[in-house]
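**Q** Residues per chain, in single letters:
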Amino acid sequence: MIGGVSIIVLALMFNDISLFLLLIPYILSFKRKDLSLITYWVILLYIESRFHVPSICSYTELIRSYVVSLTIILTLEECLRGAVISKFSIMTSLFLVLGIVIPELFIIGALFCMLTEIKFNIKLFGLILLIPTALFVICKVATNEIGATYVQLNILTSATIFILALLMSNEDGNIKKVKMFF
Amino acid sequence: MSREDFLIIMAFLLIFESYIAGSVIQAISGFVLLAYLYSISSSANINVIGERVIESGNVFEEGEKIRVTVILKNLGEDVAIKIIERSPNFEVEFLNYGVVLKSGEEKKIEYILIPQKIGVMTLSPLKVVVYDRRYLYYKEFEIGKSMDIKIYPSNKWIKEAAKINHNLKISFNKTSSVGGFEESFPDNLRKYIPGDSFRRIDWKATVRVGELIVREFLKKSECPVYIILDNTQEMKKGTKLSKIDYGSILALQLATTLIRKFKVGLIIYSEDSAEYIPAKQGTFQLELIRQKLTPRNILGIISLHVPSQLGMGLKAQKFKQTVLRFKKRKSQVSGIIKAFSFLKEPAYVLLITDLNNPQQIYSILAKERQRHRILVLSPNPVLFYQGKMNKATLKKLYEAYIKREKMIKKFNTLVPTIDLGPSDYLENILKRERL
Numbered sequence: 120m121i122g123g124v125s126i127i128v129l130a131l132m133f134n135d136i137s138l139f140l141l142l143i144p145y146i147l148s149f150k151r152k153d154l155s156l157i158t159y160w161v162i163l164l165y166i167e168s169r170f171h172v173p174s175i176c177s178y179t180e181l182i183r184s185y186v187v188s189l190t191i192i193l194t195l196e197e198c199l200r201g202a203v204i205s206k207f208s209i210m211t212s213l214f215l216v217l218g219i220v221i222p223e224l225f226i227i228g229a230l231f232c233m234l235t236e237i238k239f240n241i242k243l244f245g246l247i248l249l250i251p252t253a254l255f256v257i258c259k260v261a262t263n264e265i266g267a268t269y270v271q272l273n274i275l276t277s278a279t280i281f282i283l284a285l286l287m288s289n290e291d292g293n294i295k296k297v298k299m300f301f
Numbered sequence: 019m020s021r022e023d024f025l026i027i028m029a030f031l032l033i034f035e036s037y038i039a040g041s042v043i044q045a046i047s048g049f050v051l052l053a054y055l056y057s058i059s060s061s062a063n064i065n066v067i068g069e070r071v072i073e074s075g076n077v078f079e080e081g082e083k084i085r086v087t088v089i090l091k092n093l094g095e096d097v098a099i100k101i102i103e104r105s106p107n108f109e110v111e112f113l114n115y116g117v118v119l120k121s122g123e124e125k126k127i128e129y130i131l132i133p134q135k136i137g138v139m140t141l142s143p144l145k146v147v148v149y150d151r152r153y154l155y156y157k158e159f160e161i162g163k164s165m166d167i168k169i170y171p172s173n174k175w176i177k178e179a180a181k182i183n184h185n186l187k188i189s190f191n192k193t194s195s196v197g198g199f200e201e202s203f204p205d206n207l208r209k210y211i212p213g214d215s216f217r218r219i220d221w222k223a224t225v226r227v228g229e230l231i232v233r234e235f236l237k238k239s240e241c242p243v244y245i246i247l248d249n250t251q252e253m254k255k256g257t258k259l260s261k262i263d264y265g266s267i268l269a270l271q272l273a274t275t276l277i278r279k280f281k282v283g284l285i286i287y288s289e290d291s292a293e294y295i296p297a298k299q300g301t302f303q304l305e306l307i308r309q310k311l312t313p314r315n316i317l318g319i320i321s322l323h324v325p326s327q328l329g330m331g332l333k334a335q336k337f338k339q340t341v342l343r344f345k346k347r348k349s350q351v352s353g354i355i356k357a358f359s360f361l362k363e364p365a366y367v368l369l370i371t372d373l374n375n376p377q378q379i380y381s382i383l384a385k386e387r388q389r390h391r392i393l394v395l396s397p398n399p400v401l402f403y404q405g406k407m408n409k410a411t412l413k414k415l416y417e418a419y420i421k422r423e424k425m426i427k428k429f430n431t432l433v434p435t436i437d438l439g440p441s442d443y444l445e446n447i448l449k450r451e452r453l
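Residue numbers (our numbering), protein chains in the order written: chain A, 120 to 301; chain B, 19 to 453.
It cannot be assumed that every hint is accurate.
[Unchecked claim] Result set (DSSO-like, lysine-lysine): computed pairs, CA atoms no more than 27 Å apart in a straight line:
hint, chain 1, residue 1, chain 2, residue 2
1, B, 125, B, 157
2, A, 295, B, 91
3, B, 157, A, 298
4, B, 157, A, 150
5, B, 168, B, 310
6, B, 100, A, 296
7, B, 120, A, 295
8, A, 295, B, 157
9, A, 206, B, 125
10, B, 157, B, 91
11, B, 120, A, 150
[Claimed, not checked] Just the calculated beta-carbon pair ranges, DEER-fashion:
hint, chain 1, residue 1, chain 2, residue 2, range
12, B, 89, A, 260, 38 to 48 Å
13, B, 37, A, 161, 44 to 54 Å
14, A, 221, B, 98, 35 to 45 Å
No lab work stands behind these hints, which were simulated from the structure alone. All C-beta atoms, glycine included, are put in the ideal place defined by N, C-alpha and C.
Sequences are here, hints too, so could you generate the full structure?
**A** What follows is the structure in structure tokens.
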């Protein structure tokens with residue numbers, strides 16, 4: 120439910136109907152998960168190309184980027200797990216809808232949803248999310264300028280590779296990965 | 019490719035896209051996507067315990083439904099469970115393959131196993147695959163121990179045999195026409211008593227002793243019937259119906275029909291051992307025979323090898339002596355010899371074997387036919403073949419069939435031998451005999 124609501128809210132926030140395309144993998148996930156994942160991947164690459172944020176030094180751009188990213192995660196979560204309707208999801212939906220007016224409420228609603236519904240390691244996720252934010256804040260305060268887009272991209276890529284290394288080292292021998300189209 | 023790998027690729031493609039577009043937002047999405055993956059991977063907690071319960075023991079009848087209960091308890095986060103029964107000799111019914119188990123929940127799953135063969139069959143441990151609720155990760159484990167389940171031939175075979183209103187034509191008609199079978203067996207010698215038939219006087223013994231000696235004969239119904247069942251490796255092979263399954267059912271049908279008038283015994287022999295039930299009459303004896311007819315099957319394709327001749331040629335013997343000079347000789351007596359050694363008195367013998375070791379069986383039958391009246395019922399391996407059919411196999415089957423026909427002819431000169439197919443149960447055999 121949250122995934123569907125967040126897509127609609129995002130489309131209204133950015134006034135872009137192409138964002139409704141994200142509903143296709145969301146609907147497909149009820150039938151075939153792998154097919155839904157592939158569709159999600161194609162549509163995500165298309166949708167992301169429609170946004171252009173050259174720098175996240177400004178607060179508005181940072182919030183905007185987080186809103187897009189969290190929508191992607193909420194949609195992916197529901198594609199994988201299936202839609203869930205509960206009183207928490209209804210409460211969260213209210214925050215997400217209010218995000219049209221105050222974008223920060225969207226982020227609070229999404230994080231609240233992750234805490235109550237998704238139940239993954241929210242502390243870890245929050246910490247990871249804080250890394251680029253902290254990095255940019257420090258740079259901004261120290262130098263008053265963080266540099267060109269590619270400098271920011273290099274910092275983010277390095278952080279992503281660092282998380283990938285953490286993910287690889289986290290592998291448990293007893294737990295296996297599900298193959299696609301199994 | 020795993021789903022997790024696909025999502026990692028997706029994250030890095032987003033970063034790649036951000037470099038092309040010169041925009042940071044795609045890189046943030048990729049970064050957040052990987053952070054999400056890492057946090058769910060590090061918090062994945064799959065922990066399910068369980069046990070398999072079969073309340074009705076481990077002895078069942080052919081075709082009987084075995085009720086199995088699996089008790090599962092989830093000690094981790096919400097999971098989806100897939101249960102896989104891996105025993106090929108059982109058909110599974112009502113097994114709900116996808117079961118969702120919430121955190122801390124305990125669930126009982128019931129399903130039914132239907133044995134496909136008779137004999138002793140191994141029920142493998144149950145395989146359980148537990149998926150996390152996002153179907154990204156899974157864990158496999160086994161429930162229960164490997165256990166042996168005994169499947170007796172069904173009572174339906176006894177009922178079917180009982181319906182057949184036929185007075186043992188299967189053995190006596192066949193044997194009298196082929197082997198010159200007599201009405202009775204010579205038993206022992208005694209002095210002549212007035213009133214005895216002159217035809218029974220043993221003239222040789224009379225001359226030797228110097229007084230009239232008559233030969234006593236056992237009546238047909240006094241003579242015991244022994245069903246000897248071959249339980250060697252080759253008989254056990256088969257993917258669906260093995261020759262031993264067929265042989266067991268046939269033995270049970272024969273016992274059911276014969277036990278009304280005869281004392282019936284059963285001998286089951288393998289490569290190097292034999293098991294024996296002395297001949298008796300009555301329902302209890304029939305039940306005893308039924309319970310003994312639980313051979314252990316093995317999975318495998320039936321060998322179509324038929325020796326071209328019963329005896330070894332001179333060249334072959336010489337070669338064997340040269341090559342196998344140093345081979346250790348088997349100290350144990352073969353199973354079929356042990357089987358015949360149980361027969362202390364003259365008996366009717368119904369030998370159920372596929373003749374996979376014709377040389378040995380031929381020499382034993384040649385010796386034993388002096389004492390016993392023997393009928394060989396032989397399941398034809400060609401007719402029991404269950405492998406894939408193609409041009410080469412058909413040719414091989416045809417050649418094997420021709421060779422076997424020749425072998426059966428040779429056996430028929432010694433003792434009556436009937437070649438049987440998978441559908442030739444007692445009723446069909448009798449019908450064939452009438453024709």
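**Q** Please list, smallest to largest, the hint numbers that this structure does not respect.
**A** 12, 13
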